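Participant: Chain residues, written in single-letter form:
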Amino acid sequence: MLGGVSGAVARRLGWDVTIVRVIFVMASLSGFPIAIYVLGWLLIPLEGEETNIASRGLGDRRGIVIVIAFIPLLVIALLVARAVGAGFIGNFAWPLLISAAGLVLIWRNGNAGDRTVLRRAAKPFVELFGPGGPSLLSIRLAFGILLLGGGLSALLVGHPSRTALRPIGGLVLVVAAIVVIFGPWWLRLGRDLVDERQARARAEERADMAARVHDSVLQTLALIQRQSDRPQDVVRLARAQERELRSWLFEGRPLGSSNEADLTFAAGVARIQQEVEEAHGVPVDAVVVGDCPLDDHLRALLAAGKEATVNAAKWSGAPAVSVFAEVEPEAVSVFVRDRGSGFDPDEVPADRKGLSESIRGRMGRLGGEVRVKSSPGEGTEVALTMPLVSGRRRPHSQDS
Amino acid sequence: MTAASGAAKPTVLLVDDHALFRAGVRAELGDHVTVIGEADETAAAVELITERLPDVVLLDVHLPGGGGQLVVETVRRSAVADGVRFLALSVSDAPEDVIGVIRAGARGYVTKTISGRELIDAVTRVAGGDAVFSPRLAGFVLDAFASLATNPASVSAAGISPSFDPELDQLTPREREVLRLIARGYSYKELAQELSISAKTVESHVSAVLRKLQLSTRYQLTRWAAERRLD
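Chains A and B, in that order, give the protein sequences. Numbers -4 to 395, taken from the numbering used here, label the letters of the first sequence in order. Numbers 7 to 237, taken from the numbering used here, label the letters of the second sequence in order.
Take these hints with a grain of salt, some might be off.
[What the hints assert, rightly or not] Sample of chain B residues facing chain A (criterion: CB under 7 Å; computed from the structure):
#, residue
1, G43
2, E102
3, P141
4, R142
5, G145
6, L148
7, A189
8, R190
9, G191
[As the list claims (entries may be wrong)] From chain B, some residues computed to sit far from chain A (all C-beta separations above 10 Å):
#, residue
10, R28
11, I42
12, A49
13, G72
14, T80
15, S84
16, D127
17, G134
18, T223
Please keep in mind that the hints were generated in silico from the structure rather than gathered at the bench. In this text, all values refer to a predicted model and were calculated from it rather than measured experimentally. The beta carbon of each residue, even a glycine, is placed where N, CA and C say it ideally should be.
Construct the complete structure from the given sequences, taking the supplied hints into account.
Facilitator: Next comes the structure, spelled out in structure tokens:
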């Protein structure tokens, strides 16, 4: 259930796991079997693993130091217990020490699964005492003072003669001495442990990053190397990867995900950029100013803008296409510009559907405007403007 | 020393932490400029710049040891390097990177995907004291200065500082026009032709915008710049 010790014992003895578990739980009421369970966890190697945790723990010097640091604590606990007349606690002390030491070694040397189990088991306690839990420092202090006061008054009331309290005074001195001797060492140990945990967190973060970079960037680089004789594919792959990496680095989107849902106008322009680059292998430089939600008019504008961008990528022969889109209070405009071959707008054959139907028709039906500026050798610019019906705009969303 | 002395090639110092990229830029710049040094991190860059006093520093925004913004700030604080001009170069499109380094005092910003010819053009222009706006930077500026122009009633809603100065915190219609054309991918020459103004006038508009970008206390600009600093 925890470390799988019951399962291992059951397999060795040929019993049912449940029986072993029941025996363990019954016996653990006396304390010792908990320690035995922990020892079993330490000593029985996991199925499929060569070594057990204990042999790995022997190499863990800091872990052993922590275990040794428990011994003075145990001595204090025993002294206090004897002084208040609760000597029976001494019966639990050794199993407790062994359990705690064992759990420390398991935590530090076990595999990820072991750690998860321990973390889950410790969760209620951590939540009770840890930061963010209900017990803030003040609550904890109040509780501690309450306990101290209760204990002292119980002692004083229960002992009518002061001389009987003398051993307690001695005990306090001994405990204080131990704390003075070992205190700084415990503190340093604690600090080292915090450092070590931070280092581990950093290492994990790094491993996570490496995995992401491997899944996306390195794969793409491998693809690029294989297709190095086809420059268009190389550009397409490189730009697609660049976009993905950017959205991960600067916008916090997960790598390898696309944002289909809830498109705004600016996201729509970004989508045009992406689709045209992927389909035609020509870099598209998109600059968007402001943003607003999409409606039918703006979808038509985007569709026309995409058509113009595709035309530029396909026919102009330019090495790159610039797209500029701006959301203004009264209108939204898209400019698609290339420095390619250009053409004479008056001589476009009537059957060239791209410009006449996809762009002019689409825009004209919804009250938009299209201007085409082109001349042979100078490149082309298509300017698309769609008026906005007032009251539904939300320009310049970067404010939020 | 600077390009004002006529046909003399501007001297350039490259600051980038990728040796491969520095070699690429060096090759692209060819013999149009004289590269007089390279640095790969913040402190070394500051030292080399104040020692060799190049006309233009081509400066990567992201650098070990602080970053491009810190380089610009440190060099400009020491009065020895007054004539040195900075052109920022980065793969990042994040506004806080761009605005931060411009507000620190860089004369322009281009992305690393810029072609060799455009880069030479930009370096020459910065060496001559002009500003260089990439289409993307023009887009940022339009965005940052937009909220007021679109709706004067929303002055407070747009988060503009109480010390609003129309001279600094607002673009003229002409400046907006110039920026729009830059964002549409026009070169300065094409832009001058389109607006029927001289190249010199274009330069003065762009320099005016750069000044506003550096001095304005508009909330968006200070916020973007501050975000970079907190890194």
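Participant: Next step is simple, just say for each hint if it's right about the structure.
Facilitator: Each hint tested on the structure:
no.	hint	in the structure
1	G43	violated, 30 Å
2	E102	violated, 10 Å
3	P141	holds, 5 Å
4	R142	holds, 5 Å
5	G145	holds, 4 Å
6	L148	holds, 5 Å
7	A189	holds, 5 Å
8	R190	holds, 4 Å
9	G191	holds, 3 Å
10	R28	holds, 20 Å
11	I42	holds, 31 Å
12	A49	holds, 24 Å
13	G72	holds, 19 Å
14	T80	holds, 26 Å
15	S84	holds, 32 Å
16	D127	holds, 14 Å
17	G134	holds, 24 Å
18	T223	holds, 16 Å
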